[in-house]
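Novice: Residue numbers (my numbering), protein chains in the order written: chain A, 1 to 297; chain B, 298 to 588; chain C, 589 to 1060.
Subject to a maximum C-alpha distance of 20 Å in a straight line, what follows is the list of computed EDC-like cross-link-like pairs (lysine to aspartate or glutamate):
no., chain 1, residue 1, chain 2, residue 2
1, C, Lys905, B, Glu351
2, C, Lys1051, A, Asp52
3, C, Lys1051, A, Asp60
4, C, Lys890, B, Asp349
5, C, Lys966, C, Asp739
6, C, Lys890, B, Glu351
7, C, Lys1044, A, Asp60
8, C, Lys1057, C, Asp847
Rather than coming from a laboratory, the hints here were simulated on the basis of the structure.
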Amino acid sequence: MKHGRWRFLLAALVPALVLHVVFVLSPYAQAFYLSLTDWTGVAGEAHFVGTDNFARLGGDSLFLDAVRNNAVMLVVVPVVTIAIALFLASMLNGRRPVRGASAYQIVYFFPQMLSLVIIGVLWAFVYSPNNGLLNSGLRAAGLSSLTQSWLGEPSWALIAVMAVVIWSSVGFYVVLFSAAIDGIPRELFEAATLDGAGRWATFRGVTLPLVRESVQVAFVYLGIVALDGFVLVQVMTVGPGGPDGATEVVGLSLYRTAFTYGKFGYATAMGVALFFATLTLAVFALRWGRRNQVEMA
Amino acid sequence: MTALMQRPPVRVSDAAPPVSRPNPLPHLAMLAWAVVTALPLIWAVMSSLKTDEEILNHPWSPPASPQFENWARAWTTASIGRYFFNSLIVVGGALLLTMLLGSLVAYAVARYQFRGNRLVYYTFVAAMFFPVFLALVPLFFVVRQLGLLGTYPGLILVYTAYAVPFTVFFLHSFFRTLPTEVAEAAFLDGCSHGAVFFRVMLPLARPGLVAVGVFNFLGLWNQYLLPLVLNPDPDRYVLAQGLAALSVSQGYDSDWSGLFAGLTIAMLPVLVAYVAFQRHIRAGMTAGAVR
Amino acid sequence: MNPENPHRPYPTRRSLLKTAGAAAAGVPLLAACVTNSGDGDEPADTGGAKSTENPLGVRADAPLEVVVFKGGYGDEYAIKAEAKYTEKYPQAKIDHKGLQKVGEAMQPRFVAGNPPDVVDNTGAGRLDMATLVSAKQVTDLAELLDAPAFDQPGKKVRDTLLPGVVDDGTFGGSPVALNFTYTVWGVWYSKSLFAERGWIYPTTWADMLALCETIKKAGIAPWTYQGKYPEYINDPLLTMAAKAGGLDLVKAVDNLQPDAWKQPGLTQAAEAFAELAGKGYLMSGSEALSHTEAQAAWCQKKAAFIPCGSWLESEQKDVTPAGFDMVLGTVPALPAAKMPVTAVQAASSESYLVPAKAKNVAGGQEYLRILFSLASAKDFAQANSTLPAVAGATEGLTLSSGLGSVRDAVTAAGPDAFNYRFRTWYAPLAKAIDDATGELVNRRISVADWSTRIQKASDALAKDSTVVKYTR
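So that you can see chain A by itself, here it is in the shape it has in the complex:
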């Protein structure tokens, strides 16, 4: 039996571990080393350059644009998405449930099923300046003055991209929050109603504290989404990443630097920077969560 146990364990673990080491761990490990070299893809010609690549990042205006845009997304996307999703979820599942709530959930969740590429291609058409859905709709509604070259105006382009991220994410969090709200005992809502609390008071007093854990999870997830943004930007925007860096994101800079310019060492340094940003985000989120838990206890 003992023998069979080891054989089974080996058979169960080794294939997955090999794959993991070759395709996941080793690239991650190599990345940290490569980011300290000037490698251009020619074998044996990676020179150690220390932290030159990182110093160079600080003077790369396009990369700084990318950092700025990711930072803006990091603030805006989670806050707006969670606000809309919480609002809709509490409407759907609040103390006075709405007819057709599950049908709404089905519709809201649709975009979550679609590949970001499909969403990007679709929204590029929605935003198209002359015969896109949005501008021609505005014109038909007599609101021609509101029409914009959404992806062509630097002041609008990032907003337009973020709107798509939010559009595609809200449904998922509506369902997530709905489930959390659904787990709140109905008596709590009834008690609040008996106390004469209005909708808003019920939301603040009952719903919000009890879904805090889900909201926290949502922040972490949306934060990760906001640090990416690569697919939508690459498919939708002018340039891509434009106009003039207005929608550049770190992922796009990295991809272009590596696979168009062939500066692999430098591109990897961008990846390392992104890694530390993600790490910081995770640490902050966990700290924040822990502090809140202490406060609540």
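With the hints as your guide, set chains B and C onto chain A.
Specialist: Positioned in the frame of chain A, the structure of chains B and C alone reads:
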């Protein structure tokens, strides 16, 4: 995070009975978001049945007569059919392999005590917190060095490698909660370790397998970054890649209706499957998020 | 969907046409191995005696292996040239391969030291020319270029090619590749629309602005451009600058000279395009249109002019209304230009090379001599509606309106065909220029800012020791 893992699986609420004294505001708000969500999708389907001329000049009107040949053209001429099958092969292969390897590791780590148990577990779990962009460049060279660049096996292996960590993480907690008695009884009956896993534990873990399977399927089906870097051969493009290529470098032939038809072809199976299995999918995906 | 040219790289859709063999993907596939492969083996027997009939000294019975990229142009034209080769050397056995993934298939063979005798190094994932050259894997084609042309008595091969073709295949001072197709950039318009309205394509920028005013009054936008890819509007701007400042201007730009972007030709051209935008002559919304959207708007006569390369006609063939008759016009000139207004920006692609370690180097070169013959090029032009790199190849053919205008433009330009190389040499600089020009024509930056910005990017690149520099 561990506290979150023990959450019960999400229950999706049914429509509650209507209540008196309806307030129109919540309904309006919800209707508005439903329109915002559905409109672009409906518009894409509608546009896929229009002529190029109609798309360019009358974006809001329905087609004068539905042009179903757009779909046929997208499927054949625009190679959507080929991309579709490439996706099927790659995602199908990767999904099978992921579920097999992931459940094996999760089970072994969850139910067996051995030296390095924790190490194995955290080796996998830690990888979930690394951005893929960090690995992108070295991964490209690893795959190239192995001669797997632009091949089905290459993509399948890489997809699997990146899907296994979450699968292990998710199923690990699942296997832990399964009762031990059945397995012990099976051992007493003389079943081998492998047989216990495949005949007893896997069937018991079915709900968890379905949830993580759905989650993995969607993740893999919609994968774009990995194939973009690792799959440069247009003949082997997966669906997401093919659509992006069609829209960005449509090449020498302008064909909007074909592109909309391609989008619709790519959307419809997913949406139909979603409507059919929506409860499981939403439950599975949200349970997956709250890990 | 993409019948003409499926080897277009994605997502930088146009770079291939601009490259003369440099790697678009930036990934020197061979690099890992070529440098390690044995240096000892000399090319095998190059064979026979040289004569007027056989200027390259081909051994008549030596087998020949030809590898052709089978993309949008197919490989029929290459097979026809092979038939001619066997006609001349009936004992030679020809092994033909039409491939889609030339790089992938050829890399191991270069590494192993048994490459074929001719390689059409084209398409996504093709081998990086700079790497091949530095690994001494390609034959210097000077001898071929100086050999008599196959079917044009009294001319050398070199003299039968369109201007710039030899340069496009020259790396590190030696000609190592010959490009078979030829692309010209210019400003396109509908001949029928112009005839109907009595408009005449302008030759000076002042006339262009005057005509734009007329067109605008007629309710049509004078210009549109593929705003999603600002490089499209960059092309006429840089063409105009080159005409104003001559080849010296182009070289200064490509050689990253200090103050290259402050040259009057460039600032005047930028001024001209800023004025075009400032007077409202660009169709509104153009800045966010993809190439297909902008080109479709133009085909629907919503705009009169659009800048593009000579592939436009085939790109638009399914959406061009009957009788539209698109033609390419050369970019109008500024006053006191150093090049005639007929000068064009042009580049060749579809790179043929003869591996240095081929078993039949002489045969490979002889094959190229046949492939680049007038008759072979003519066949190609007829079959593919694309201009080959051989001069006069379209003479006597009935051409479509677009291709005919391209041919006329090349003829009129004569030796005045030029090409900027920075786009293939320094991709990051190209991006900086495209971005700046996008801002310029949307009136978000001034001409002074434009030139300062680009000069800064150019200077930074010149100082960057990690970037391999080229000069011309």
